[in-house]
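> Protein chains in written order, with numbering that gives the first Met the number 0: chain S, 0 to 330; chain E, 0 to 330; chain G, 0 to 345; chain P, 0 to 345.
Among the hints, erroneous ones may be present.
Calculated cross-link-like contacts (lysine-lysine; reagent style DSBU-like; alpha-carbon spacing at most 30 Å) [claimed, not checked]:
no., chain 1, residue 1, chain 2, residue 2
1, P, K126, G, K343
2, E, K142, G, K270
3, G, K126, E, K314
4, G, K126, P, K270
5, S, K142, P, K126
6, G, K270, P, K343
FRET-style restraints, in silico, Cβ to Cβ [claimed, not checked]:
no., chain 1, residue 1, chain 2, residue 2, range
7, G, G15, S, D322, 48 to 58 Å
8, P, E64, G, F299, 54 to 64 Å
9, G, P321, P, A331, 23 to 33 Å
10, G, P209, S, A330, 44 to 54 Å
None of these hints come from the bench; they were simulated from the model.
Note that CB positions come from ideal geometry on N, CA and C, so glycine has one too.
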Amino acid sequence: MSLATDPQPSAAAQLSPERLREAYRLMLAIRRFDERALELYRAGEIRGTTHPYIGMEAVAVGVCSALEPDDYVSSTHRGHGHTIAKGGDMRRMMAELLGRATGYCGGKGGSMHIADMERNMLGANGIVGGGMGLATGAALTAKLRGARQVAICFFGDGALNQGILHEVSNLAAIWQLPVVYVCENNQYAMSARADWSVAGGDPAGRARAYGIPGVTVDGMDFFAVYDAASALVARARRGEGPAYLVCDTYRYHGHHAGDPLNYRDRAEVERWRRHDPIERLRRALVERGVLSAAEADALDQQVQAAVEDAVAFAKSSPEPSVDQLMTDIYA
Amino acid sequence: MSLATDPQPSAAAQLSPERLREAYRLMLAIRRFDERALELYRAGEIRGTTHPYIGMEAVAVGVCSALEPDDYVSSTHRGHGHTIAKGGDMRRMMAELLGRATGYCGGKGGSMHIADMERNMLGANGIVGGGMGLATGAALTAKLRGARQVAICFFGDGALNQGILHEVSNLAAIWQLPVVYVCENNQYAMSARADWSVAGGDPAGRARAYGIPGVTVDGMDFFAVYDAASALVARARRGEGPAYLVCDTYRYHGHHAGDPLNYRDRAEVERWRRHDPIERLRRALVERGVLSAAEADALDQQVQAAVEDAVAFAKSSPEPSVDQLMTDIYA
Amino acid sequence: MAVPTAPAAGAPSAGGTVRHLTYAEALNEALREEMRRDPSVFVMGEDVAVWGGGGVFGVTRGLVEEFGPERVRDTPISEEAIAAVAVGAALTGSRPVAEIMYVDFMGLAMDPIANQAAKLRYMFGGKARVPVVIRAQEGAGRGNAAQHSQSLEAWFCHIPGLKVVTPSTPYDAKGLLKAAIRDDNPVIFLEHKVLYGLRGPVPEGEYTVPLGVADVKREGRHVTVVGIHTMVHKALQAAEQLAAEGIELEVIDPRTLVPLDEETIVNSVRKTGRLIVSHEAYRNAGYGAEIVSRVVEAAFDYLDAPPQRVCARDVPVPYAAPLEQAALPQVADLVATARALVRKEL
Amino acid sequence: MAVPTAPAAGAPSAGGTVRHLTYAEALNEALREEMRRDPSVFVMGEDVAVWGGGGVFGVTRGLVEEFGPERVRDTPISEEAIAAVAVGAALTGSRPVAEIMYVDFMGLAMDPIANQAAKLRYMFGGKARVPVVIRAQEGAGRGNAAQHSQSLEAWFCHIPGLKVVTPSTPYDAKGLLKAAIRDDNPVIFLEHKVLYGLRGPVPEGEYTVPLGVADVKREGRHVTVVGIHTMVHKALQAAEQLAAEGIELEVIDPRTLVPLDEETIVNSVRKTGRLIVSHEAYRNAGYGAEIVSRVVEAAFDYLDAPPQRVCARDVPVPYAAPLEQAALPQVADLVATARALVRKEL
Ligand SMILES: Cc1ncc(C[n+]2csc(CCOP(=O)(O)OP(=O)(O)O)c2C)c(N)n1
Ligand SMILES: Cc1ncc(C[n+]2csc(CCOP(=O)(O)OP(=O)(O)O)c2C)c(N)n1
Ligand SMILES: [Mg+2]
Ligand SMILES: [Mg+2]
């Protein structure tokens with residue numbers, strides 16, 4: 000990994016106790032939100048599909064903690080974690096999952112299309128690779144405006160093989176756009192193992208083909224993700240161009256609730272769970288005295304209460320009325 | 000460049016005098032054919048567009064000399080050289096350029112769609128990158144059949160940035176398909192300089208991102224191209240998978256006859272012309288005593304006569320009759 | 000979902016006993032039989048081999064066990080390459096059956112389909128054959144929202160050189176897929192996600208349903224209803240309801256859109272004098288407009304009322320159930336439109 | 000090519016003097032004026048800056064000199080990225096005008112156009128705007144063969160959320176492009192390669208042609224001819240020829256297909272009782288079928304004869320001149336069809 004992008008070992012250390020507690024709270028929120036979403040899906044209260052982010056919390060939160068509020072984020076079909084990490088409102092998220100008029104999209108989008116444009120969260124996306132052009136275009140807007148914003152493009156290991164990634168990586172490199180492509184390598188794309196589908200075996204190595212940095216970190220470690228993201232985001236903000244950040248992580252649950260899960264064994268899941276990102280951050284914060292065990296438990300209670308509040312809000316919200324069908328198509 | 004793919008320095012040396020003379024004849028044929036095609040285009044006898052291969056002859060002939068007759072080749076919009084190098088018939092080619100019923104496509108295709116399916120030449124292609132799937136699919140057919148055929152995919156430096164190349168490169172690598180992607184780096188894609196459009200600056204480096212060999216050679220040197228192609232084709236035939244072969248070359252003329260040519264200077268053209276591939280091969284063959292200067296000149300006369308014969312054949316051929324309009328759509 | 004409909008009138012009586020299979024099982028059987036019959040047939044796509052033993056909807060289930068990973072090939076997520084490589088394989092003598100998981104993703108694969116598969120034979124003056132089948136599933140009704148619920152058959156119907164198939168029953172699904180695989184042209188084979196679970200009679204063993212032959216599902220004197228996919232079943236339900244009122248619908252399933260069995264449709268309209276075309280695809284520039292135009296061109300003097308289109312509204316498919324249902328054409332819409340036609344209110 | 004046609008009836012009288020510019024020059028002026036007016040407007044595409052001083056057809060000529068390489072951006076050959084990045088830029092407040100060199104290459108860019116640009120606003124519940132213009136040129140007649148001669152407007156018309164514009168004159172080219180750039184929705188702006196050299200009156204300076212307003216090019220009592228792009232001019236030629244026989248054509252240029260000025264077309268057919276729709280796009284599932292269907296739905300009782308479609312044959316566009324001409328709709332076809340309609344031979 001090139002000097003220019005070495006993480007300042009101090010980056011994470013510089014985080015204030017408040018911001019560290021906030022990061023921990025956000026990771027908890029993602030987990031509790033998606034655990035609850037899975038229950039509601041199984042109970043038949045959520046239609047279509049929902050893709051839990053559980054196990055990957057350190058990636059979304061580690062990266063978004065390194066951002067300014069007006070930085071851009073594009074997301075994937077597995078977008079709940081990115082929305083929460085960017086500061087999204089769990090009430091409007093849960094209302095959207097339940098298809099209510101009070102949801103982020105007024106019930107028109109559902110889980111795969113939640114966006115928070117006020118926070119420059121450019122939306123989950125049902126197309127694998129669909130967010131790549133959006134984030135790259137956002138970075139172009141920032142560059143043309145002379146704004147100091149950076150764009151983050153979250154995508155999965157499976158999306159590594161979409162042609163659009165090749166095209167935008169090349170374009171962002173020659174145009175020196177302020178965008179960081181964050182690969183959430185959770186080892187699988189549905190049933191496809193990343194160690195089979197990704198020729199060459201090294202996602203970060205692909206960045207080097209475009210002459211841009213490719214950094215790989217332990218995606219189960221908040222600090223590692225935050226440090227690397229901080230370095231690459233700072234570099235992009237300085238106008239030094241795009242980079243890849245590859246975060247090795249894992250999805251604890253199936254691809255979605257209906258996943259047969261016949262392609263991996265429990266032992267593998269258990270191995271990864273031993274490195275649980277939330278547990279690790281909790282231990283670190285307790286060690287550092289940023290948080291007492293009691294405070295950590297209390298935080299979890301608060302988060303669970305907030306999730307329940309979101310569910311209650313959603314359930315008490317009306318469904319969209321049919322006269323909304325043909326609105327919002329054209330501006 | 001990895002050992003596995005080092006050219007046997009002896010490969011070209013092993014070529015018989017007959018094959019060397021044939022290679023020289025083919026390179027001359029390509030040049031004379033396209034010189035004549037340009038004349039005819041300027042005279043208004045060829046419609047649409049025609050892309051001369053002039054200057055790049057060592058690439059098509061160097062690569063195709065390393066092939067078996069039943070190996071596959073996919074081509075580009077600049078396809079005349081590939082067709083001739085694969086053994087195509089200049090009469091049917093010229094007839095196609097003039098839109099005659101006797102042409103390869105019965106006048107339905109024109110310059111950008113000449114194919115010679117009997118020679119497993121899978122056609123020129125009007126879509127930049129359009130041949131990539133065809134060659135890769137041909138390699139898959141060969142693999143499924145257990146045939147020992149190899150597929151060559153010719154493409155330009157501009158095509159390096161098409162998403163499809165990324166997708167087929169990854170697929171061919173994980174499936175270990177017998178295909179060699181031959182990048183004709185003639186420095187420009189219309190007005191786009193390769194040293195600007197290709198992030199990272201090293202086309203061959205992109206191959207390594209997929210864990211496959213990427214070899215760069217002097218594309219103005221028949222022997223260099225032939226040696227590298229022989230090694231990579233042999234490797235593919237052994238079942239060791241795909242590779243990139245990048246040939247540095249140059250197009251002497253405009254992108255097509257209507258090119259304003261405002262994006263490069265004459266001095267650059269002159270520099271490249273000093274390394275003319277046909278001159279170099281001629282000198283080498285004369286030195287080696289494979290060919291006398293007189294024989295070389297005679298060969299050129301023969302070739303020019305053959306081109307004139309092709310033109311005469313084309314001009315004396317009928318245009319397709321309108322009752323052929325709706326045939327050949329469905330099998 | 001509608002009750003299983005009977006085999007096509009005059010369908011070749013197949014030797015084997017008739018089982019009640021699902022649409023997905025019927026497709027699976029077609030693939031299995033064709034792969035046994037012809038070694039050049041193979042399957043490729045995302046999650047067609049490993050996932051759940053074969054396919055997100057089970058269409059390729061068990062195939063990798065029987066035919067092995069060389070002929071049942073999981074691919075990375077690379078739709079353009081899936082289509083493009085399949086076309087290249089077909090051009091060189093293979094008979095690939097490539098899967099695009101959702102028709103919505105065809106936007107990534109249109110170049111190899113429309114510029115290569117559809118045109119190579121013609122551009123080469125008839126010297127090539129491209130016997131590729133590209134399967135995908137379309138349709139709404141499951142809350143999959145705007146990027147997973149479209150019906151895009153019109154895109155393919157517009158491109159000469161392609162054939163377009165849209166089975167609505169298990170019987171047709173098996174017979175049409177076998178015919179598509181044996182066809183020497185590129186065939187876009189469009190299934191419907193809501194129909195996978197539909198059961199219907201499927202004879203064991205060998206039979207095909209020829210491309211270009213419509214199926215008159217129900218005869219009637221008053222209104223011809225041409226339905227695609229789920230709309231065939233909804234039309235049959237509408238016919239039941241209207242029968243009580245003495246209004247008879249003649250329900251026709253074209254089964255293939257290219258080639259289109261225009262004769263069967265036109266003859267029906269010559270009899271009924273009224274036409275409704277119904278599909279889940281967007282109404283604007285949908286294939287329904289083509290069918291209406293052809294009928295008007297061929298049977299203008301027989302028309303008692305303006306042909307009507309009962310199609311999806313021109314809106315991205317919404318997620319919430321009430322909105323999604325409102326966006327889709329329903330039995331009630333067919334009933335109301337047919338009634339209005341007969342009562343000369345249109 | 001037809002003689003330049005006059006500015007649209009009732010077109011805003013622009014301040015400046017009226018010059019005779021080519022269609023390409025008019026488009027260039029529109030881009031220049033909008034880039035001066037709004038700093039968020041920029042241009043991107045292949046060979047739009049350096050090649051020949053700007054654009055394969057000269058549409059972006061000179062723009063890089065005036066606005067610099069930041070706002071006039073040459074791209075590598077990456078159609079999917081050109082469209083996708085333009086959409087992302089538009090979603091974040093820019094107003095990109097992206098160019099796809101030939102509409103034939105849109106097969107590579109359909110996903111960002113149909114799944115992102117067209118749907119983001121709706122999927123996000125109205126909380127986004129995507130003010131992107133994607134330009135391309137279509138059409139045949141220059142021997143460019145099957146992959147460089149298509150007219151694919153129907154693909155875009157089918158997708159709700161997109162607007163589709165097809166100017167036929169220099170006047171409209173300038174006014175419609177300015178309107179498209181100011182529109183807050185994704186607009187697919189389709190030019191015609193054969194029209195770039197067509198000269199016509201273009202007022203200097205500020206005027207726009209609103210999206211959704213057809214232009215009645217010539218009034219007539221007998222047959223309504225709706226033409227797209229070159230077919231507007233061929234229809235005007237046909238009208239001249241038929242006038243001698245006392246057959247009057249009313250020639251309408253819809254100018255934009257989405258939104259479509261259905262009212263102007265329907266009112267015309269209510270007057271003439273006869274309709275011909277003509278485009279260079281393939282006939283099968285072309286937009287002509289949509290126009291025919293809408294007219295039949297809205298004016299059935301006014302029709303004296305079946306509406307006709309005079310469109311390209313359903314064949315990949317051939318290279319050789321005699322074949323290409325035979326594949327395309329010609330003035331003679333319009334004349335013969337109009338005559339047959341009037342003589343009740345159809
Ligand atoms: C273009 C496209 N192809 C296929 C799919 C179906 N699909 C949805 S998610 C997914 C797997 C994505 O894997 P990855 O990118 O690793 O993300 P993960 O699910 O692991 O977070 C697939 C194949 C899709 N939605 N879009
Ligand atoms: C998909 C697509 N995009 C753009 C074009 C227009 N075009 C034709 S050739 C060409 C340049 C190709 O450059 P390169 O790949 O380097 O090949 P070369 O012309 O140098 O041989 C372009 C942009 C096309 N035909 N197809
Ligand atoms: Mg993954
Ligand atoms: Mg080049």
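> When the structure is checked against the list of hints, which entries are broken? Sort them ascending.
Numbers 1, 2, 4 and 9, in rising order.
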